[in-house]
Amino acid sequence: MTEIARRPKLAVWKFTSCDGCQLSILNLEDELLLLPDAIEISRFLEATRAEADGPYDLSIVEGSISTAEEEERIREIRRISKALVTIGACANAGGIQALRNFADVEGFVSAVYANPEYISTLDTSTPVSAHVAVDFELQGCPPSSQQVLEVITAFLADRSPGISSQSVCVECKIRGNVCVMVADGTPCLGPVTHAGCGAICPAYDRGCYGCFGPKETPNARSLSHWLLGMGVDQADLVPTYRNVNAFAEPFASASRDAEAAELPGPHPERRPHDNQATSPERWSTKPGG
1 MTEIARRPKL AVWKFTSCDG CQLSILNLED ELLLLPDAIE ISRFLEATRA
51 EADGPYDLSI VEGSISTAEE EERIREIRRI SKALVTIGAC ANAGGIQALR
101 NFADVEGFVS AVYANPEYIS TLDTSTPVSA HVAVDFELQG CPPSSQQVLE
151 VITAFLADRS PGISSQSVCV ECKIRGNVCV MVADGTPCLG PVTHAGCGAI
201 CPAYDRGCYG CFGPKETPNA RSLSHWLLGM GVDQADLVPT YRNVNAFAEP
251 FASASRDAEA AELPGPHPER RPHDNQATSP ERWSTKPGG
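Sequential numbering of the sequence shown, starting at 1, is according to my numbering.
There's no promise every hint is true.
[To be verified] Heads up, simulated SDA-like pairs for lysine to any residue below, C-alpha to C-alpha not over 20 Å straight-line:
no., residue 1, residue 2
1, K82, D57
2, K9, T67
3, K82, A52
4, K9, R43
5, K9, A52
6, K9, E69
7, K14, D37
8, K82, D184
9, K9, E76
10, K173, D158
11, K82, L26
12, K9, G107
13, K14, K173
14, K82, K173
15, K173, D184
16, K82, S129
Keep in mind that the hints were calculated from the coordinates and are not lab data.
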């Protein structure tokens, strides 16, 4: 009798996060139904209570490391996983909860919880790569479903994932968007942000918030100079960079420079155009701002 080939075992894990990245997997719908033919979904608590013991051929991890228990758990997952892939801003850069890294976490806990003595947390929220070796990081908040499928497919084919390393600006060009910085003077992190979202925000005349994290070899310091030349106050650059990827380099360094007023000023050749608004509201890069 011919022996049936063993399917690779996939496990999906959650740490401190909102579950949005796991929903990107569930949103595959039709494709997800075909996956069991090629891979055994051994653990995915967002989708099923069924759970098979490791070791696992591929572990996909969502969420940041924010507690001592999570530090121990991620080391054990790494030990029993042949390959480990992190997905999303939390797993790759600490997430929105990494804003604690720039402040006093005890102050936050006291302000939020009625009984802070019951809260046990680390002073920092850190990416998975700060604790264990990671084989591939998929950016996004959340990453697109098709990119998650590409990562899984690449693993099955024993090849590198075909994920673009370009910036959101390239996606704007492909989509035919008019540059919101040039045309309207709207602050935008597109020049330093990893592609993958399809330039959604600029397509609707909004600046990029950096949801997909820093692109490869970004120059956030140079972008800061251009934003200053457009009329953005140096203090406003801090919340511009401190978003869902606040602790990712070079966003973290750019925000610290702005906070410490260590930026030398705008590029001398860049001045606000007459058609650029100068009200504080114009420079807000917060959703809904």
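Against the structure, the hints come out as follows:
1. Of the pairs offered as hints, the one joining K82 and D57 holds, with about 5 Å between alpha carbons and a cut-off of 20 Å not exceeded.
2. For the hint linking K9 to T67, the alpha-carbon distance of about 27 Å lies beyond 20 Å, and the restraint is violated.
3. With a C-alpha separation of about 16 Å, the suggested pairing of K82 with A52 holds against the 20 Å cut-off.
4. Simply put, K9 and R43 have alpha-carbon atoms about 9 Å apart, close enough for the 20 Å limit, and the pair holds.
5. Straight-line distance between C-alpha atoms of K9 and A52 comes to about 9 Å, which keeps the hinted pair within the 20 Å bound.
6. Among the hinted pairs, K9 with E69 is inconsistent with the structure: their alpha-carbon atoms are about 25 Å apart, more than 20 Å.
7. The suggested pairing of K14 with D37 is violated, with an alpha-carbon distance near 24 Å, which exceeds 20 Å.
8. Of the pairs offered as hints, the one joining K82 and D184 is violated, with about 49 Å between alpha carbons and a cut-off of 20 Å exceeded.
9. Distance hint between K9 and E76 is fulfilled; the C-alpha atoms sit about 16 Å from each other, no more than 20 Å.
10. At most 20 Å may separate the alpha-carbon atoms for a hinted pair to count; K173 and D158 exceed this at roughly 32 Å.
11. Taking the CA atoms of K82 and L26, the gap is about 23 Å. The hint is violated against a cut of 20 Å.
12. Between K9 and G107 the alpha-carbon distance is near 43 Å, which puts this suggested pair outside the 20 Å criterion.
13. Note on K14 and K173: the hinted pairing is violated, with a Cα-Cα distance of about 35 Å set against a maximum of 20 Å.
14. Distance hint between K82 and K173 is unfulfilled; the C-alpha atoms sit about 39 Å from each other, more than 20 Å.
15. Taking the CA atoms of K173 and D184, the gap is about 16 Å. The hint holds against a cut of 20 Å.
16. With a C-alpha separation of about 16 Å, the suggested pairing of K82 with S129 holds against the 20 Å cut-off.
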